[in-house]
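Residue numbers (this note's numbering), protein chains in the order written: chain A, 1 to 235; chain B, 1 to 235.
To be clear, the hints were calculated from the coordinates, so they are not data collected in a lab.
Don't take every hint at face value.
If several chains are the same, the list does not tell them apart, and a pair holds so long as it fits within one copy or across any two.
As the list claims (entries may be wrong) - Dumping the calculated DSSO-like pairs for lysine-lysine here, alpha-carbon to alpha-carbon at most 27 Å:
1) K59 / K195
2) K46 / K228
3) K65 / K98
4) K187 / K228
There are 2 protein chains.
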Amino acid sequence: MTHIRIVLVEPRYTGNIGSIARIMKNFGFDDLALINPPVLDIDSIKMAMHASDILESAKIYDKIKDAIDESDYVVGTTSVVGGRSYVRKLYLTPDRLKMILKDKEGIVSILFGREDNGLSNEELKLCDAVLNIPSSSDYLALNLAQSVGIILYELYSVEKNDTDKDYFPDKDDLIYLEDHLLRLLYKINFPKIDKEKTVLMIKRILETAGAGRNEIQHIRGILSAIEKKIDEGMR
Amino acid sequence: MTHIRIVLVEPRYTGNIGSIARIMKNFGFDDLALINPPVLDIDSIKMAMHASDILESAKIYDKIKDAIDESDYVVGTTSVVGGRSYVRKLYLTPDRLKMILKDKEGIVSILFGREDNGLSNEELKLCDAVLNIPSSSDYLALNLAQSVGIILYELYSVEKNDTDKDYFPDKDDLIYLEDHLLRLLYKINFPKIDKEKTVLMIKRILETAGAGRNEIQHIRGILSAIEKKIDEGMR
């Protein structure tokens, strides 16, 4: 079970903040954090309609780091996929995020950038994953409140989940796999700087795919067979 | 393949109409019909951003019947499920509508009612199905533009998305990876019956995770390094 926090990074239009409060309440979410927001005015109150309580209880911060300090998982949003090539993260879609969160515990912060400029690369680097709402190449950028709405629409049903607990690997399964993979990468002299990044990448792929305990064990079986073969050759 | 028409019945706020034009363009839809709308003003143009062409080409009618005249399937939207008990229709959710439309042909009109009062019973009776976006009982009614956005988000994938082509691996990338993996499995004498299954499993994981071209190439790099190491030992 996760707790979702919506973090708006330097939003400019107070009407958007109000609209976001409303759609949050529509879908039963109430934790809103604002980084350097404008002063809330009549536009935000008008757009919030019956969700002014969410506006009033919004937490205000100077720095993103303070807003996501206690978060267990941080998701950044972007309207550009692959365009910022040196941000090496997996791109999630809203429905994939929903699948991932089914298996997560703790606080999940979702960051939304400025209306005109989105999140910077530095800000995206703070995130565990980057989410993109697939849209038409004719006009990629969604309105800020629409983006929040679509993501919360997807997450609304996460609460009701009752997926088979036995299906998912537990933490130990994943830690064993990481150790195993890292040891193998050392054995094959995989470029030093890439070892940790590679382990992270594989972990993220498995997580995003929602790989089950069986798959994880199967992959560990392959790694074992590879190691055995290499060790034979070195004898 | 269906053609989607968005029909706004007596919308009151011009800003909403503009927001709807924008989200339509975001998801690649362009057929907007307005029943007795207010005169479009600066608010609608501001909210439409780069979608003013959709505002300009919107068709205006006095009567719903004229707007849905050529439609093969008509969907009404409501924020109240079952409340209007003598409207006996099937209640759809957005994802169910998406499934239904996969098999449909022709023009599908989706009707959205007034910001304050929605669609009347008489108007809902014109529809083949009634759609509701599941939301919290604390605050059921979504903003009009949000409702349109969420439904079009679901329907977007019916048309097929065209996210950045370069991000995703092409068929060859995946075929090379499969060949590579299969060769390695032979080399390490992985149990015979499991070889094909293993390749399929890995393929499915990568597909579900939406792994990019970079990730695929990175994994092939690992496989190459493993093979090299094994070959060295066998010499």
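Hints, verified against the model:
1. K59 / K195: neither (39 Å within a copy, 54 Å between copies)
2. K46 / K228: Neither, since 60 Å and 65 Å both go past 27 Å.
3. K65 / K98: The answer is within: 24 Å in one copy meets 27 Å, while 39 Å across copies does not.
4. K187 / K228: Answer is both; intra-copy 11 Å and inter-copy 11 Å each pass.
When the structure is compared with the earlier hints, violations turn up for hints 1, 2 and for no others.
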